[in-house]
Amino acid sequence: MKRILLLMISLILTFSFSSKAFASQVIPIYVNGNVLTPDVNPYIQNQRTFVPIRFIGEALNATSIKWDYSSKTATLVFNQKIIKLPIGSRYVIVNGKGYKIDAPINLVRGRTFVPVRFISETLGYDVKWANSSVYISNNGYTPPINKYSSEDLYWLSRIVEAEAAGEPYAGKLAVANVIINRKKSSEFPSTIKSVVFDNKYGIQFTPVADGNIYNTPTQESINAAIAALNGSNNIGNSLYFLNPAKSSNFWIINNRKFVMQIKNHYFYA
Numbered sequence: 239m240k241r242i243l244l245l246m247i248s249l250i251l252t253f254s255f256s257s258k259a260f261a262s263q264v265i266p267i268y269v270n271g272n273v274l275t276p277d278v279n280p281y282i283q284n285q286r287t288f289v290p291i292r293f294i295g296e297a298l299n300a301t302s303i304k305w306d307y308s309s310k311t312a313t314l315v316f317n318q319k320i321i322k323l324p325i326g327s328r329y330v331i332v333n334g335k336g337y338k339i340d341a342p343i344n345l346v347r348g349r350t351f352v353p354v355r356f357i358s359e360t361l362g363y364d365v366k367w368a369n370s371s372v373y374i375s376n377n378g379y380t381p382p383i384n385k386y387s388s389e390d391l392y393w394l395s396r397i398v399e400a401e402a403a404g405e406p407y408a409g410k411l412a413v414a415n416v417i418i419n420r421k422k423s424s425e426f427p428s429t430i431k432s433v434v435f436d437n438k439y440g441i442q443f444t445p446v447a448d449g450n451i452y453n454t455p456t457q458e459s460i461n462a463a464i465a466a467l468n469g470s471n472n473i474g475n476s477l478y479f480l481n482p483a484k485s486s487n488f489w490i491i492n493n494r495k496f497v498m499q500i501k502n503h504y505f506y507a
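Residue numbers (this note's numbering): 239 to 507.
Among the clues, some could well be false.
Stated by the list, open to error - Ranges of calculated distance between the beta carbons of each label pair, as one might list FRET restraints:
id	residue 1	residue 2	range
1	T275	N450	15 to 23 Å
2	S388	P427	32 to 40 Å
3	N502	N333	48 to 56 Å
4	S309	P382	51 to 59 Å
5	F488	Q285	43 to 51 Å
6	S387	G449	40 to 48 Å
7	W489	R328	55 to 63 Å
What the hints assert, rightly or not - Once the Cα atoms are required to be at most 30 Å apart in a straight line, the calculated DSS-like pairs of lysine-lysine come out as:
id	residue 1	residue 2
8	K310	K338
9	K422	K495
10	K335	K319
11	K385	K431
12	K385	K319
13	K421	K431
14	K431	K338
15	K385	K438
16	K338	K319
17	K421	K385
18	K484	K501
19	K338	K304
20	K438	K422
21	K421	K438
22	K304	K366
23	K385	K335
24	K421	K501
25	K484	K438
Worth flagging that the hints you see were computed from the coordinates, not collected in a lab.
C-beta atoms are modelled at their ideal positions from N, C-alpha and C, and glycine is treated no differently.
The whole structure should be built from the sequences, with the hints applied where relevant.
Right, dumping it as structure tokens:
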């Protein structure tokens, strides 16, 4: 009974931690200028960014990624470097030598998360935090100077995901640019968050009403949001979009100029 109770407490703590971790801000990660696409979001703990071990291992060309069930230790092998990462420990071992880290290696939803800076710098990579993103490089790459905030990316990636989850990348990019175009227009609020939640003439976006705006975005939605924030625009000055097959109000079609169709969405200026 005692063992079962301890197991239940462990599961509760893991679930509690994972809920907080996966509710964190979007954290894009780049290697030598290329944005990566993890299948689960990184998280921040004690001002350190943690990523899935397999994701960072493969991104930095690990020769092998191993798991020892008896010792609950993950091992990354990179040519001359062997990094051992015991679950729950603040100490990692590199080629037999111990190093203390600021937050423990964690299991979150069955995935092992490791500190991206420590792993990268141990392998000789430079790591920079800029534009609410992590930039890893070994070729002198310099992060671009962006003018958007983590809040901008947080809400833009979520409205893209909620409105265009089944659309191609071009459709996601177009939705992102509609939001940005509204932010720039005097007809709408002046921040991305306020555009998303604008209700001056009624709620503007269905996901705000049904709660889907709070869903975690996929990496493709994040990438589309980042590209739009950095100036990539495939939809011109469009301010509206709709899916005619799902719409009950056709004011946009009757009153605005048609610009383009991308799969299920029609865009209007």
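Hint check:
1. T275 - N450: 15 to 23 Å: holds, 22 Å
2. S388 - P427: 32 to 40 Å: violated, 19 Å
3. N502 - N333: 48 to 56 Å: holds, 54 Å
4. S309 - P382: 51 to 59 Å: violated, 42 Å
5. F488 - Q285: 43 to 51 Å: holds, 50 Å
6. S387 - G449: 40 to 48 Å: violated, 24 Å
7. W489 - R328: 55 to 63 Å: Since W489 and R328 have Cβ atoms about 58 Å apart, the given range 55 to 63 Å holds.
8. K310 - K338: holds, 18 Å
9. K422 - K495: holds, 18 Å
10. K335 - K319: holds, 11 Å
11. K385 - K431: Holds, at about 15 Å.
12. K385 - K319: violated, 38 Å
13. K421 - K431: This hinted pair holds, its Cα atoms lying about 9 Å apart.
14. K431 - K338: violated, 39 Å
15. K385 - K438: holds, 27 Å
16. K338 - K319: holds, 17 Å
17. K421 - K385: With Cα atoms ~14 Å apart, K421 and K385 stay inside 30 Å; holds.
18. K484 - K501: holds, 13 Å
19. K338 - K304: Distance of about 21 Å is within 30 Å: holds.
20. K438 - K422: holds, 17 Å
21. K421 - K438: holds, 14 Å
22. K304 - K366: holds, 28 Å
23. K385 - K335: violated, 42 Å
24. K421 - K501: OK: K421 and K501 at ~24 Å, within 30 Å.
25. K484 - K438: holds, 23 Å
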